[in-house]
Amino acid sequence: MNRGLLFIILITIFIQALLIFDSMLGSWDRLSVGAGTLSNFINEDVWPPDWGVFDPTWSVSCSASPRFDFTCSKAWIGLIETLQIAFVATVFGAMLSLPFSLLAARNLNPRWLSYSSRFLLASFRSMPSLIWAILFVIVIGFGPVSGVLAMTLYTVGYLGKLQYEAMEGMTKPPLDAANAIGLSKFETSFFVVIPESANDLISQAIFMFEYNFRHGTVIGIVGAGGIGYFIDLSLMALDYRSVLAYLILIYVVVIIIDLVSIFARSFFTEEEDILIPSWIEVFTPESIISLFKHTKGQINGKQ
Amino acid sequence: MSDIPSSVKPIVRLKDVSIGYELANPLVTIPDLQIYPGEIVAIAGPSGVGKTTLLRTISGLLQPISGEVEVCEKIFPSKLNRGELGYIPQKLGLIRHASVWHNVMLGANAGHKSAWNIFPSSEARASAMSSISVMGLEQKTNEPIRRLSGGQQRRVATARTLAQCPKIIMADEFLSELDEETMKMVLSATIDYMRKNNSSMLVVEHDITRAKSFADRLLVIDDGRVNPFITETTAMEVKV
Chain A
1 MNRGLLFIIL ITIFIQALLI FDSMLGSWDR LSVGAGTLSN FINEDVWPPD WGVFDPTWSV
61 SCSASPRFDF TCSKAWIGLI ETLQIAFVAT VFGAMLSLPF SLLAARNLNP RWLSYSSRFL
121 LASFRSMPSL IWAILFVIVI GFGPVSGVLA MTLYTVGYLG KLQYEAMEGM TKPPLDAANA
181 IGLSKFETSF FVVIPESAND LISQAIFMFE YNFRHGTVIG IVGAGGIGYF IDLSLMALDY
241 RSVLAYLILI YVVVIIIDLV SIFARSFFTE EEDILIPSWI EVFTPESIIS LFKHTKGQIN
301 GKQ
Chain B
304 MSDIPSSVKP IVRLKDVSIG YELANPLVTI PDLQIYPGEI VAIAGPSGVG KTTLLRTISG
364 LLQPISGEVE VCEKIFPSKL NRGELGYIPQ KLGLIRHASV WHNVMLGANA GHKSAWNIFP
424 SSEARASAMS SISVMGLEQK TNEPIRRLSG GQQRRVATAR TLAQCPKIIM ADEFLSELDE
484 ETMKMVLSAT IDYMRKNNSS MLVVEHDITR AKSFADRLLV IDDGRVNPFI TETTAMEVKV
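In the order they appear, the protein sequences are chains A and B.
Each residue of the first sequence is one higher than the one before, starting from 1 at the first, in the working numbering.
Each residue of the second sequence is one higher than the one before, starting from 304 at the first, in the working numbering.
Since the hints were made in silico from the structure, they are not lab data.
Any given hint could turn out to be false.
As the list claims (entries may be wrong) - In silico BS3-like cross-links for lysine-lysine, where the CA-CA straight-line distance does not exceed 25 Å:
(1) Lys515(B) to Lys185(A)
(2) Lys377(B) to Lys185(A)
(3) Lys185(A) to Lys416(B)
(4) Lys382(B) to Lys172(A)
(5) Lys542(B) to Lys487(B)
(6) Lys377(B) to Lys499(B)
(7) Lys394(B) to Lys515(B)
(8) Lys185(A) to Lys499(B)
(9) Lys185(A) to Lys161(A)
(10) Lys312(B) to Lys377(B)
Said to hold, decoys possible - Derived, one-sided and incomplete: chain A residues facing chain B with beta-carbon distance under 10 Å:
(11) Ala17
(12) Pro128
(13) Leu130
(14) Lys161
(15) Thr171
(16) Pro174
(17) Ala178
(18) Asn179
(19) Ala180
(20) Phe191
(21) Glu196
(22) Ser197
Just so it is clear, the structure is predicted and the values come from calculations on it, not from any experiment.
We treat Cβ as the ideally placed atom computed from N, Cα and C, and that holds for glycine.
The following block holds chain A by itself, in its conformation from the complex (with noise of 0.2 Å):
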């Protein structure tokens, strides 16, 4: 396409979204309005955090030693509950999921067949994971199993999009081969199409926790467990302080999981010259790493 051309239809774009944006603002006053109003709320009700979250809670018995003591806290038992329930949900979702994208994936199987999976996945992601887990808090009750079961469902839907999506994108040339050497559906789907997607698999799995972590607060303001709960509690206490200092957790481990997923994803990478990265490499940032190495070059050269 014209360059020029292509330029003229982007910049029409952003005017027809900034014109959308502007009727919706009704006056940009609002915005400065706005925006004096956030700062005021965050100097006066949010910040600094209040770290007395990671306090040892009364309603715990807590046989922790005095180091270990924030254990018993309830951002702590709120954290690793939501974790639990990602990670359940991950695994069981993941495997779930795995049959039924390969059968949508429409390099492997006919359309009738890809096309019907494909409906099934749709109809797990098009209701949210909070609506799932109200389902399941009527339904079960309270507590970390409802979300398990809420996030399960949604990530089977979410998931085996991410995972046939990424099973039609691989390369022609070894199904060729699978197919003329005779391979069955379940030969081919197992040693050749998971294998040559492991990196994509892998990576999107990662995402997946990720996101669960993430939806897992969401999910437990509903009553479906894990930190959620917690925050809703600050919430309605009024208590944005705490907030603050639960989203600021939620927020590290984010980025602990995405460290994560660089590692393990750089065992299936494509470059012949990247190397697998050292633990130490994935949680260091690279500035600090180069100063090392610099550091450590100066002192060889004065021997």
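Got chain A; can you put chain B on it based on the hints?
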């Protein structure tokens, strides 16, 4: 084919087969082609004339536009028996993240294990081990394919096919990217296997001189780039 007894049935038989991707616009028509057990037939010709398309059609991966394609006594669209046909695509079709052993075992399982068996048979393992050793890849057995050179990857694809013990090997430019010495080693191992098992091979080969050096017969597909007197894409058989 005068030296082949009339009782011997061809392993591949093509009769008035038109190939291509568009019904109205076939790439080429093969009036008659028969490949007998133990024969090596090379398909040669300039790029884009339909050599790979012909190989894919005979391998059952592409429907012929018209005509009859019979391989191992099965007429398309009937499926061949498992493991009867070995296939080395131009891009090799290896699983890049899996090991050499995993890739070779795919062929060995196709040839020596029923589809209903989950675990590989001892025969399949022995066949995989022997073909890895024939291709000189013992040191690379557990190495993922993505860490191998182009030439080593070609040897893995050949080992996968030899481990399968097929009746006919379909190979698409399987000797390209190999240095002279490795090419001779791969070719001699493949021909040894064929002689021992009375198997056949249909190979797409860009280099006509090289094709002549190992093939029994040559099928040249030309659109006028080799022979300027040809006005439309034609397949003709040439004895070597």
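#### Entry: Hint numbers contradicted by this structure
Violated: hints 1, 8, 11, 12, 13 and 14.
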